[in-house]
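Both chains come to you apart, so use the hints to assemble them.
Next come the chains, spelled out residue by residue.
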Amino acid sequence: AQKVTQAQTEISVVEKEDVTLDCVYETRDTTYYLFWYKQPPSGELVFLIRRNSFDEQNEISGRYSWNFQKSTSSFNFTITASQVVDSAVYFCALSEARTGGFKTIFGAGTRLFVKA
Amino acid sequence: NAGVMQNPRHLVRRRGQEARLRCSPMKGHSHVYWYRQLPEEGLKFMVYLQKENIIDESGMPKERFSAEFPKEGPSILRIQQVVRGDSAAYFCASSPPAAGGRGDTQYFGPGTRLTVL
Numbered sequence: 001a002q003k004v005t006q007a008q009t010e011i012s013v014v015e016k017e018d019v020t021l022d023c024v025y026e027t028r029d030t031t032y033y034l035f036w037y038k039q040p041p042s043g044e045l046v047f048l049i050r051r052n053s054f055d056e057q058n059e060i061s062g063r064y065s066w067n068f069q070k071s072t073s074s075f076n077f078t079i080t081a082s083q084v085v086d087s088a089v090y091f092c093a094l095s096e097a098r099t100g101g102f103k104t105i106f107g108a109g110t111r112l113f114v115k116a
Numbered sequence: 001n002a003g004v005m006q007n008p009r010h011l012v013r014r015r016g017q018e019a020r021l022r023c024s025p026m027k028g029h030s031h032v033y034w035y036r037q038l039p040e041e042g043l044k045f046m047v048y049l050q051k052e053n054i055i056d057e058s059g060m061p062k063e064r065f066s067a068e069f070p071k072e073g074p075s076i077l078r079i080q081q082v083v084r085g086d087s088a089a090y091f092c093a094s095s096p097p098a099a100g101g102r103g104d105t106q107y108f109g110p111g112t113r114l115t116v117l
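Note that the protein sequences, when read in sequence, are chains W and U. Quick note on numbering: the first sequence equals residues 1 to 116 in the numbering used here. Quick note on numbering: the second sequence equals residues 1 to 117 in the numbering used here.
If you are wondering where the hints come from, they were derived from the structure by calculation, not from laboratory data. Cβ atoms here follow ideal geometry from the backbone N, Cα and C, with glycine treated the same way. Hints are not guaranteed to be accurate.
Stated by the list, open to error - Calculated pairs, DSS-like style, for lysine-lysine (alpha carbon to alpha carbon, straight line, at most 27 Å):
hint	chain 1	residue 1	chain 2	residue 2
1	U	LYS62	W	LYS103
2	U	LYS44	W	LYS3
3	U	LYS44	U	LYS62
4	W	LYS70	W	LYS103
5	U	LYS71	W	LYS103
6	W	LYS103	U	LYS44
Said to hold, decoys possible - One side of the interface only, derived from the structure: several residues of chain W facing chain U at Cβ under 10 Å:
hint	residue
7	GLN6
8	TYR33
9	PHE35
10	GLN39
11	GLU44
12	LEU45
13	PHE47
14	ARG50
15	VAL89
16	PHE91
17	ALA93
18	LYS103
19	THR104
20	ILE105
21	PHE106
22	ALA108
Isolated chain U, as found in the complex (with noise of 0.2 Å):
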């Protein structure tokens, strides 16, 4: 059973591009949730997803960041006009429906490194 995918593993981009990160959570999973961590800082909850639905965006900025999970196909985390400020790992978490206390647990994937230059 793969684990969770994330691509690519490394991003540079020039200010104002835009960056596509991808997730795909392990099998029979269904709740994927995207954290930032900042050099030298934790990990920050960004959004939770379902298929096709935003559950909780609250630890997204309001501005030029969105996330989808179609229903077929990966998890995509979506930077408009990057900033310097956004270089950061990106990581990925997928978890099984939240039955029988299964789903409290968050695998994590590799994670994505965005470098804006």
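Bound-form chain W, shown alone (with noise of 0.2 Å):
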């Protein structure tokens, strides 16, 4: 079965910190595709990042980073030197391929305050 597990709920940090958002998936897929979204307190979601099950290379890009571990079924989110436009709800997202398309179970998010 399909689930995504985001074990953090909340997380408060101070300005300039790193912080780790941790998700962690179970699929019987071979081909499935993982993502994260952030929600800002304006309540739209923004498609942050798509890794597919091929490919386990780590993504940086500018102060964020995704690291993929398919040993551990993990695909954890690194905020690098937070900032407090990074307060939002992150979910992570696993997306398995169904007849014409796919379908996404959302993790239930993790809120991240970070505090100037």
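Following this line, the structure appears as structure tokens:
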């Protein structure tokens, strides 16, 4: 069965601290995709990254980096030198191929507070 | 290229009324997904549609909820006889046809926040 677990409900850090958001997933498929989305207080969902199951290379984009470990079924997200604008709810998601499209399951989200 | 559009952004209904939520996918996208987000919770999949077809409605409540994606026009999520528990944010996402791996990323609209009084 598909499942995405974000064990951290809330994290609070002080600006400039590094913070890692954990994501653990379960799937029986060999082909799947993992995502991170950001939901700022305004409510919209902002796409951050997609990673497919065959690409375990870690990725860095500015202050954001992602660590994909198939051996532990984890796809963790690190924000370096956090800023107040990073305060948001972050969702990890798993997508598996279905007939003609993809079905996506979201984790419960981690609420990040970055204090000045 | 305009993103996914949803309207209205906010909708207030009294118990027993009908709510109609609209979603216009990104240009070139043939797949539409609807999700519901209850307060302080993550997104829950409701239904996945292609033009004129419902592909997967396993997340949709059996009663009062329906969805369509006609050949012309936006996708519609309809909730009949709304109850207070329907108050939530409803997000629509779209993706291009699943070819060459491009169909896997879903792009989300801004959501419709439904309040049932």
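Hints versus structure:
1. Between the alpha carbons of LYS62 (chain U) and LYS103 (chain W) the distance comes to roughly 19 Å, so the proposed pair stays at or under 27 Å and holds.
2. Pair hint LYS44 (chain U) plus LYS3 (chain W) holds up; C-alpha atoms about 12 Å apart against a cutoff of 27 Å.
3. Proposed proximity of LYS44 (chain U) and LYS62 (chain U) is supported: the alpha carbons are some 15 Å apart, at most 27 Å.
4. In summary, the hint linking LYS70 (chain W) to LYS103 (chain W) is supported, as the alpha carbons are separated by about 20 Å, within the 27 Å threshold.
5. Restraint check: the Cα-Cα separation between LYS71 (chain U) and LYS103 (chain W) comes to about 22 Å, which is no more than 27 Å; the hinted pair holds.
6. At most 27 Å may separate the alpha-carbon atoms for a hinted pair to count; LYS103 (chain W) and LYS44 (chain U) meet this at roughly 11 Å.
7. For GLN6 (chain W), the shortest C-beta to C-beta distance to chain U is roughly 8 Å, which falls under 10 Å, so the interface hint holds.
8. At about 5 Å, the closest approach between the beta carbon of TYR33 (chain W) and any beta carbon in chain U falls short of 10 Å, and the interface hint on this residue holds.
9. About 7 Å separates the beta-carbon of PHE35 (chain W) from the nearest beta-carbon of chain U, less than 10 Å, and the hint is met.
10. Interface restraint check: GLN39 (chain W) against chain U, minimum CB-CB distance 9 Å, threshold 10 Å, status holds.
11. Satisfaction of the interface hint for GLU44 (chain W) is found here, the shortest Cβ-Cβ separation to chain U being roughly 5 Å, below the 10 Å cut-off.
12. With a cut of 10 Å, the hint placing LEU45 (chain W) at the interface with chain U holds, because the nearest CB-to-CB distance is about 4 Å.
13. The beta carbon of PHE47 (chain W) comes within 7 Å of a beta carbon in chain U, closer than 10 Å, and the hint placing it at the interface holds.
14. The criterion of a C-beta within 10 Å of any C-beta in chain U is met by ARG50 (chain W), whose closest approach is roughly 5 Å, and the hint holds.
15. Taking 10 Å as the C-beta contact cut-off toward chain U, the hint placing VAL89 (chain W) at the interface holds, the least distance being around 9 Å.
16. The closest approach between the C-beta of PHE91 (chain W) and any C-beta of chain U is roughly 6 Å, which is under the 10 Å cut-off, so the hint is satisfied.
17. Below 10 Å, beta-carbon pairs count as interface contacts, and ALA93 (chain W) has one with chain U at about 8 Å; its hint therefore holds.
18. With a least beta-carbon distance of about 6 Å to chain U, the hint placing LYS103 (chain W) at the interface is held under the 10 Å criterion.
19. Taken as an interface hint, THR104 (chain W) checks out: its beta carbon lies about 6 Å from the nearest beta carbon of chain U, inside 10 Å.
20. Interface restraint check for ILE105 (chain W): the shortest CB-CB distance to chain U comes to about 7 Å, inside 10 Å, so the restraint holds.
21. The beta carbon of PHE106 (chain W) is positioned within 10 Å of a beta carbon in chain U (closest approach about 4 Å), and the interface hint is therefore held.
22. Below 10 Å, beta-carbon pairs count as interface contacts, and ALA108 (chain W) has one with chain U at about 4 Å; its hint therefore holds.
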